[in-house]
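K.L.:
Given the coordinates of chain A, work out where chain B should sit on it, guided by the hints.
Number of protein chains: 2
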Amino acid sequence: MGEAEKEKSLPEKKNFSEWYNEILSVAEIMDVRYPVKGLYVWFPFGFSIRKRVYNIMRELLDREHQEALFPLLIPENEFMKEAEHIKGFEDEVYWVTNGGTSPLEVNLALRPTSETAIYPMYRIWVRSHADLPMKIYQIVNTFRYETKHTRPLIRLREITSFKEAHTVHATWEDAAEQTEEAIRLYKEFYRRLAIPVLASRRPDWDKFPGADYTIAVDALMPDGRTLQVGTAHHLADNFAKTFDIKYEALDGEQVYAHQTCYGISERSIAALISIHGDDKGLILPPEIAPLQVIIIPIIFKNPEEVLQTCKDVKSRLESVGMRVQIDDSDKRPGAKYYKWEMKGVPLRIEIGPRDIKQKAVMSVRRDTGEKKNIQLSNLERDIESLLREIHENLYSTANEKLENHIFKCENIEDICSHITRGIAIVPWCGDNKCGLELEDQTGAGILGVPHSPKCSNGAKCPICGSQTQTLVYMSKTY
Amino acid sequence: MGEAEKEKSLPEKKNFSEWYNEILSVAEIMDVRYPVKGLYVWFPFGFSIRKRVYNIMRELLDREHQEALFPLLIPENEFMKEAEHIKGFEDEVYWVTNGGTSPLEVNLALRPTSETAIYPMYRIWVRSHADLPMKIYQIVNTFRYETKHTRPLIRLREITSFKEAHTVHATWEDAAEQTEEAIRLYKEFYRRLAIPVLASRRPDWDKFPGADYTIAVDALMPDGRTLQVGTAHHLADNFAKTFDIKYEALDGEQVYAHQTCYGISERSIAALISIHGDDKGLILPPEIAPLQVIIIPIIFKNPEEVLQTCKDVKSRLESVGMRVQIDDSDKRPGAKYYKWEMKGVPLRIEIGPRDIKQKAVMSVRRDTGEKKNIQLSNLERDIESLLREIHENLYSTANEKLENHIFKCENIEDICSHITRGIAIVPWCGDNKCGLELEDQTGAGILGVPHSPKCSNGAKCPICGSQTQTLVYMSKTY
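Residue numbers (the working numbering), protein chains in the order written: chain A, 126 to 603; chain B, 126 to 603.
Worth double-checking, as some hints may not be accurate.
You can't tell identical chains apart in this list, so a pair holds if it fits in one copy or across any two.
[To be verified] No more than 25 Å apart at the CA atoms, straight line, and that leaves these computed lysine to aspartate or glutamate pairs for DMTMM-like:
1) Lys206 to Glu564
2) Lys366 to Glu306
3) Lys461 to Asp256
4) Lys176 to Glu192
5) Lys464 to Asp187
6) Lys468 to Asp187
7) Lys439 to Glu189
8) Lys585 to Glu137
9) Lys456 to Glu189
10) Lys456 to Glu373
11) Lys426 to Glu562
12) Lys162 to Glu215
13) Lys138 to Asp403
14) Lys273 to Glu230
15) Lys176 to Glu412
16) Lys526 to Glu412
17) Lys176 to Asp187
18) Lys468 to Glu535
19) Lys585 to Asp362
20) Lys468 to Asp492
21) Lys371 to Glu143
22) Lys436 to Glu184
23) Lys461 to Glu189
24) Lys464 to Asp256
25) Lys464 to Glu153
26) Lys260 to Asp453
27) Lys464 to Glu509
28) Lys464 to Glu230
29) Lys585 to Glu192
30) Lys273 to Glu562
Hints in this document: simulated from the structure, not taken from any laboratory. The structure presented is a predicted model; accordingly, all values stated were derived computationally and were not measured.
In isolation and in its complexed conformation, chain A is listed as follows:
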């Protein structure tokens, strides 16, 4: 962005934290130089990735949800209504206290999440059973006054890209089914980003403030820690009672509604970058990639013929909907390869005089480096199938890595020796005291009971020793 281009170096990915910080800048995702801690700037290139990711989100949600938009500012009295909810957020809320040069009559919270902005409206909107289910979402900026170490896309003071859905149902069971649906939807979303996720039901002490229960999806980051990349909350009628959201049932009775809410933030993009990238830079799934194919002319002689073929190939691929560019700058081919590999372009096509003679082009995959001759006669078909293969390979590679980093552990020692490399799956009696003790002794967090339950065959809780059927995921978390 505006700097004389040069080959900037990237630390090896095995030094994940350094690699992560550096790639955001070198690949022009986020600029961390904004003069307030925890606030970052989306570079245009990063923003174009964000746009595609959130378009997928919209596509999936628009099947059954409607998009709306609620205000950022929440009056203190509404915000303070739900006791559990406040307790969970009070340390993290930014307060607007002044307008112009005078103090406001009522302080305004910057939404950390929008329950207390939306539910006063739901109180008016929900009238009858015929209005249900109501499924609405918005994509907005939200704010958390983080006192912990902030990190771009992961721990922010302005979450710029919070997708939050809020649904209203007639019964507890309908809301439970919607919570399941949210998790199915999130798995589909992450499948489109070629990211495998684990769903689990969070332990009580880690559920959303005010919720009945929380199911979350986590992704495994390259350093063995997990990143919570989506949550779905069954709110029961807790908020309905606070905000007086009732509907008239078939028998004419006024009944409190049941609700769910579920959210995903730009952590989805942190996972995307971290899981697929390598020492050379980004690797983007083709559907997300702002540029899907970069064409590099290899010019010794006959530059016109080579450039003409490049243009023909570009326009043929564009006509089947691909995003293609020719790099005909003055740089040497090596520098071009370097640049576009850094940007994660899934496929490079090299075209030189020898290729033209053979009526072919050379394709080079970003994910595997594999080279393949493509006959011009089969161009569109073969490139499309290569892009599909890249997507599938990214997913299966990530999925294999995830599966290879889930370790069955039976005791504290076991857990401690594995937890720095990935996820432990551990028997737990279900008692909160044992759970917190487990976290304390291992320095890891309990993610929760796997959403597709795994049977423990009668193992023993590492803390109290009682036999249990329940297994939980544990990991170091972000």
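P.N.:
For chain B alone, kept in the frame of chain A given last:
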């Protein structure tokens, strides 16, 4: 939204202010019942209009601009750097002073506009003449602590949909040319919304704080007042000097850059609704309409045959990219007409047994009410051409209304007698004192010198009586 559907009444449009407030609610554009003054909720239907309007904006800007995203919160020290700029905004800024339960070290402004958030980054990004021009935009929420009477979409405390572009250039001339380009772009944008606009150069006392000059576009609202619906500012090197934005010229010298910025907000949607709507509700240009064609089955007998034809027509129209729905609810046809007219659907198609017998359908235009038989054999072609005609008719109707409401006026009396019905075009000597006096004596505002200059043929300034070549637009403004 969630209320048992009933036929709600709309005041006549000649009572514009009442009509406007009511249509926002009845057509489900904005909900004004949010519990903070000046903050409103976008209903899903309103939001889907907003989405299409802003997609057009993005399409036009993406030709030569890049979309990015900068933080909402601006630290006090950056915000206070540009003296003129502060003076213009200090009464309107919301201040965040507390994070969690403690005061912040540095107060944070909610952006009223983003110059002071973006330009510290431009200082880093702009290095060499090769980086210029730099053209970036973002679409964000911005905040103004309005003390005047607030009004949905028009005068807000949270502007939810501010599109602001910020460009950097090597010279004053390049920036001037970009200001022209911005106005061309805005005219094209409003043409796509079928809205005619007048461009004029704002008088000095009404330019953007910190700008060299401001060109604005205004739309004529049904009550004769004008609504400023877009502005483009030539910033010269004023902000570049404050924020130290320099580039290395070809000769190696460090030179201050020249800048422009230009913005459009959801006032574009206020104009869209107000200018095209009528006593029956919204009238939406087809490109914007969430639903372009509503099909109403007219069922006396043979309901299967009628419904099957409706489905066939729907799928034929959808296959050419139209947004179509069948209303096969139990309501009587009249109630259906009422509902979809209110929602502004450009075209209604009625299909009954008699139509089927004639291998035809009946089309009814929302804008003119005109009915037309369409042969099924020509369905797609004829409907497409009707939609085009509707768009053109909306534009030419609005344009005619605008032209008929521009009045040549020579003296104060003239102005006063015309200004409540539209725009006065008035000779002005160019002296600020006379300009302010003109505004004072007429109770109207000077919009500015028409962007396509109109020659006055030596008329006289109504205040000082001196001969002048300059004419200005005056109007009552929002």
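K.L.:
Could you run down the list of hints and mark each one as holding or not?
P.N.:
Verification of the hints:
Taking the shortest Cα distances, lysine 206 and glutamate 564 never come within 25 Å of each other, neither inside one copy (32 Å) nor across copies (49 Å). For a Cα distance limit of 25 Å, the shortest separation of lysine 366 from glutamate 306 inside one copy, 24 Å, qualifies, whereas the shortest one across copies, 54 Å, does not. In the homo-oligomer, the alpha carbons of lysine 461 and aspartate 256 lie at most 25 Å apart only across protomers (19 Å), although the nearest pairing inside one protomer, at 56 Å, exceeds that limit. In the homo-oligomer, the alpha carbons of lysine 176 and glutamate 192 lie at most 25 Å apart both inside one protomer (16 Å) and across protomers (10 Å), since each shortest distance falls under that limit.
Taking identical chains as interchangeable, the C-alpha atoms of lysine 464 and aspartate 187 lie at most 25 Å apart only when they sit on different chains, with a minimum of 23 Å there against 36 Å within one chain. In the homo-oligomer, the alpha carbons of lysine 468 and aspartate 187 lie at most 25 Å apart only across protomers (20 Å), although the nearest pairing inside one protomer, at 30 Å, exceeds that limit. In this homomeric assembly, lysine 439 and glutamate 189 come within 25 Å of each other (Cα to Cα) only across copies, at 20 Å, whereas the closest approach inside a single copy is 37 Å. In this assembly of identical chains, lysine 585 and glutamate 137 lie within 25 Å of each other by CA distance neither inside one copy nor across copies; the values are 40 Å within and 75 Å between.
For the identical chains of this complex, lysine 456 and glutamate 189 are inter-copy neighbours only, at 24 Å across copies versus 49 Å inside a copy, given an alpha-carbon limit of 25 Å. For a Cα distance limit of 25 Å, the shortest separation of lysine 456 from glutamate 373 across copies, 22 Å, qualifies, whereas the shortest one inside one copy, 70 Å, does not. With identical chains, the CA atoms of lysine 426 and glutamate 562 are never at most 25 Å apart, being 72 Å at best within one copy and 73 Å at best between copies. Both within a single protomer and between protomers do lysine 162 and glutamate 215 lie at most 25 Å apart by alpha-carbon distance, with minima of 20 Å and 24 Å respectively.
In this assembly of identical chains, lysine 138 and aspartate 403 lie within 25 Å of each other by CA distance solely inside one copy; the values are 6 Å within and 62 Å between copies. For a Cα distance limit of 25 Å, the shortest separation of lysine 273 from glutamate 230 across copies, 16 Å, qualifies, whereas the shortest one inside one copy, 31 Å, does not. Proximity of lysine 176 to glutamate 412 under the C-alpha cut-off of 25 Å is found in both arrangements, the shortest distances being 11 Å within a copy and 22 Å between copies. For the homomeric pair lysine 526 and glutamate 412, the shortest alpha-carbon distance inside one copy (22 Å) is at most 25 Å, but the shortest distance between copies (47 Å) is not.
In the homo-oligomer, the alpha carbons of lysine 176 and aspartate 187 lie at most 25 Å apart both inside one protomer (16 Å) and across protomers (13 Å), since each shortest distance falls under that limit. Within a single copy, lysine 468 and glutamate 535 get their C-alpha atoms no closer than 43 Å, and across copies no closer than 63 Å, so neither meets the 25 Å cut-off. With identical chains, the CA atoms of lysine 585 and aspartate 362 are never at most 25 Å apart, being 36 Å at best within one copy and 72 Å at best between copies. In this assembly of identical chains, lysine 468 and aspartate 492 lie within 25 Å of each other by CA distance solely inside one copy; the values are 12 Å within and 49 Å between copies.
When the C-alpha separation of lysine 371 and glutamate 143 is checked against a cutoff of 25 Å, the pair qualifies neither within a copy, at 51 Å, nor between copies, at 31 Å. Only between protomers do lysine 436 and glutamate 184 lie at most 25 Å apart by alpha-carbon distance; the minimum there is 24 Å, versus 32 Å within a single protomer. In this assembly of identical chains, the alpha carbons of lysine 461 and glutamate 189 lie at most 25 Å apart only when taken from different copies (23 Å versus 44 Å within one copy). Proximity of lysine 464 and aspartate 256 under a CA criterion of 25 Å is satisfied inter-copy only: 18 Å between copies versus 53 Å inside one chain copy.
Only within a single protomer do lysine 464 and glutamate 153 lie at most 25 Å apart by alpha-carbon distance; the minimum there is 12 Å, versus 49 Å between protomers. For the identical chains of this complex, lysine 260 and aspartate 453 are inter-copy neighbours only, at 23 Å across copies versus 49 Å inside a copy, given an alpha-carbon limit of 25 Å. In this assembly of identical chains, lysine 464 and glutamate 509 lie within 25 Å of each other by CA distance solely inside one copy; the values are 23 Å within and 45 Å between copies. Taking the closest pair of Cα atoms, lysine 464 and glutamate 230 never come within 25 Å of each other, the shortest separation being 54 Å inside a single copy and 41 Å across copies.
Proximity of lysine 585 and glutamate 192 under a CA criterion of 25 Å is satisfied in neither setting, with 47 Å inside one chain copy and 55 Å between copies. In this assembly of identical chains, the alpha carbons of lysine 273 and glutamate 562 lie at most 25 Å apart only when taken from the same copy (23 Å versus 58 Å across copies).
The structure is inconsistent with the numbered hints 1, 8, 11, 18, 19, 21, 28, 29, although it conforms to all the rest.
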